[in-house]
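Fit the two chains together into the complex; they arrive one by one in their own frames, and the hints show the way.
Protein sequence lines, in the order shown, are assigned to chains A and B. Using our numbering, read the first sequence as starting at 1 and increasing by one per residue. Using our numbering, read the second sequence as starting at 1 and increasing by one per residue.
I should point out that these hints are in silico values taken from the structure, not numbers from a laboratory. Predicted, not measured: the structure shown is a model, and the values here were computed from it. We put the beta carbon where it would ideally sit given N, CA and C, even for glycine. One thing to keep in mind: the hints can contain errors.
To give an idea of the chain B side of the interface with chain A (calculated C-beta under 7 angstroms), a few residues [said to hold, decoys possible]:
no., residue
1, PRO51
2, PHE52
3, PHE59
Quick partial rundown of chain A residues pointing at chain B, CB under 8 angstroms, derived from the structure [what the hints assert, rightly or not]:
no., residue
4, LEU67
5, LEU119
6, MET122
7, LEU130
8, LEU142
9, LEU153
10, ALA161
One letter stands for each residue in the lines below.
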Amino acid sequence: MPDTSTIIEFILIIVKAGAIAMVLFGLPLPLTWLERKIAGHIQVRLGPYRVGPHGLLQPFADMIKLLMKEDIIPYKADKLLFVIAPLLAMVPAFAVFAAIPFGEKVTIPGLDYELTLYLSDMNVGILYILAMSGLGIYGIILGGWASNSKYSLLGGLRSSAQMISYEIAVSFAVIGVVMLANSLSLLDIVRAQGGNILHWNILYLPVGPVWFFIFIIGSTAEINRIPFDLPEDEGTLAAGFHTEYSGMKFAFFMLAEYIAMVTVSVLAVILFFGGWNAPFYIPLPIPPIFWFVAKVAFFIYLFMWVRFTLPRYRYDQLMNIGWKILLPLSLVNVLVTGLMRLYL
Amino acid sequence: MIEQFFFYMFAIVAIVTAVLVISVRNPVHSAFYLIVCFLQVAAIFILLRSPFLAAVQVFIYVGAIMVLFLFAVLVLDIGREQFRERFHGQTVPALVAIAGLFVVMGILLVSGRITAPLGPFDEPALMKNTEVIGKSLYTSYIFPFEIVSILLLIALIGAVVLVMRERGKENKD
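Pulled out of the complex, with its shape left as it was, chain B reads as follows (with noise of 0.2 angstroms):
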């Protein structure tokens, strides 16, 4: 009964915060929304048992990943930047990928493979819950793991490879 009443609440707030990240018109206060969105989906993997990923969810994304988004956000000129229009004609194929999204989810949902659970804390579980992750992440979800490295290896390259060009173009001048 707690647990639902906490899930709503997470859930509402996560959505409201979502919907103004991509309606209002100030950067930063897109930004804001967006951390504040993350922490709610942090609540709620603590309610789905998994306390990793939820305190991960916050370091990374809303610790890292927020803070250098606010960086490139705050040297934007926000006086101009206000956007005069907001949604850039993205619409139509935004809502072509929720009503997608929501098909799949449905599906999933009914077919039985997502399921939450529910009732009181395990505590043996909620202890090993770290351990469980490395193990699996190391044995049968090993390939994924590897080709996710192998994209950040690569992104990580192409960085240096877009900095490194700048610096040349630097040198002509």
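The following block holds chain A by itself, in its conformation from the complex (with noise of 0.2 angstroms):
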């Protein structure tokens, strides 16, 4: 028979994970109206305004009618992978978070329990991310596969081909990191930059800044995000990988699009913009979850900001960026940060 500290660890991981799954299921509807008030704002317009005051209820309007919405399996489409590859794109998307740490231990008023703002502090925690957030990809082939049909096939093989480009380019973003950090652990390496703004990765120069844009241009392509979202081109494709797909099983397409933006926004904030470490030192009480709520909530908006600013590459534009430039410069840059590293 177990003691009670065991129950209680045991418990409090599944309500956690659950809190999780919940936020994260519930993120996608201020996220939607929030990306098209942006996109309206930008281009000079309302955006969505009908539903409830300025628009609010709009995303709940959405949900219903994905809901309602009959759903279509294609003629002579692969049914198995059909109905399968939504939740292969969406488990991944949800199985990231188990490593990401959201803070400290924070004391719970009135309990006097420790409680860590994390599921699980991985000694592998950064490559698990990696690893998991590489999966969703099957999904998107699968897919576009499943659906028999030519646009959907496309958009599966140009996404399989911009995310073995860009997959180099990041992990190698996350190396450097690694480097600066001594550590492949989220938790040790938000603690390695604590203290001020100074500590931050960003700003250990001259390589932060190079490993932060390497990591954010290879991410904005791995997610599939203008001005990389060549596998869903309206123009060439119709709708890429999920022209076929209606329904619920495209709202979990789309809601593994936006989970996946949340993880690069919340994995930028880990990597290089200090976590939950205040920029400097302010005499208030502010909780460190309020920094990182914050940070993420500003990468969050920049995604939304470069979607409406930016036109789309070209795909040998694509290539060449991935391979010509973003490879060579990482290679150089773990070089120089080697270099630094021991001699600094």
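Here it is as structure tokens:
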């Protein structure tokens, strides 16, 4: 019979996993509204305005629409893969959050119990996250193939080529951060950036900013957002890999995409912007989680901003950026970082 | 007890999917089952207290190599490529190889050179996993490590040479 502390820990893990999953399921609702509002304001129009005040209830209307829609499986589609592809896209996106820390320990007032703000502090945390987020690609490839449609297949093919090209650059950027922190654990990476803003990896000159730009460009390509959204290029591929999907299956793909964006924002904050550390000493009791959420929110906004500002790259440009610019740059940068770590 | 239950679960799924890889007719389905099989192997690595190996298994094999596999398989004309003959007359060599593997594994197991850590999870050993792997790779196993590096380098150069020859032909045409 296990003792009570083990049982409490076990229950806490389940509660925390449930809480994270609920937040992630709910997050796309405000994010879709925000994205359309930002799009509207950047393009000098109002965005959604009809459902609720300032269109606030629009996401709920969209959700009801997606739930009620007819679920079509194309004739001659590969039924099994067509049905599980959306899940293959969505499950890894959620699984990534098992390793993401949101803060150090907090003591619950009144109960005097120390609660850790992460599910698990994995020794190989960052590797796990890279591995898991790489799995989401199968939903796109297999979904594209199983639809038995040329647009979908081409979208799937494009995304696999894009993913392979940019995964390398992103991994190198992560290697750079691991070299700076001497650890693969995300908690240690954040702890290594403790203190004030000068200790953040982005300000580890001159390599920090280079790593950050390699990371952010590579990740944008990996989560298929503009300017790298070639797998769903409307002009040439209809809707790309999800052309044949409708209703809830389509919603799963959208959900995975939004969660991937949140994941990349969270990773950018943890790897380069000091996680939950405050930028400078403030003599006020601001909880660290505030800094974390604020920084993540900034990056989410940045992604939306970029989306409605830049045009899409051509396919050959995409390949050139990945292989001829980012890859050599990261190789040189690994060398420079290594020398700096050894001799500085 | 619980560990054994999980081991058998992963092992059974791994074997079933491995058999499916070679027995289903559609190459895309084969690739899909191979992905599932690799994931089970990664899970077994975790049971063997090797989180680093597990993460790398998923990252390299499932995340990169299988994507390339699928990329190649998808551009095949699946309609005609449905294999009429599934085993391509390789049944006998395959059975011989399996028998050989069983013999080698049996010898290693009986002589006690392969053991699996059992019992409760050992926290410090687990936390130092990456460090231990790095140290042994760069000290006691440096020679095989370098040989593998050279092998990979040769493969890389070979790929480049193949592409260059193709390009030369195009120019002649």
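Hints violated by the structure (listed by number, smallest first): 4 and 5
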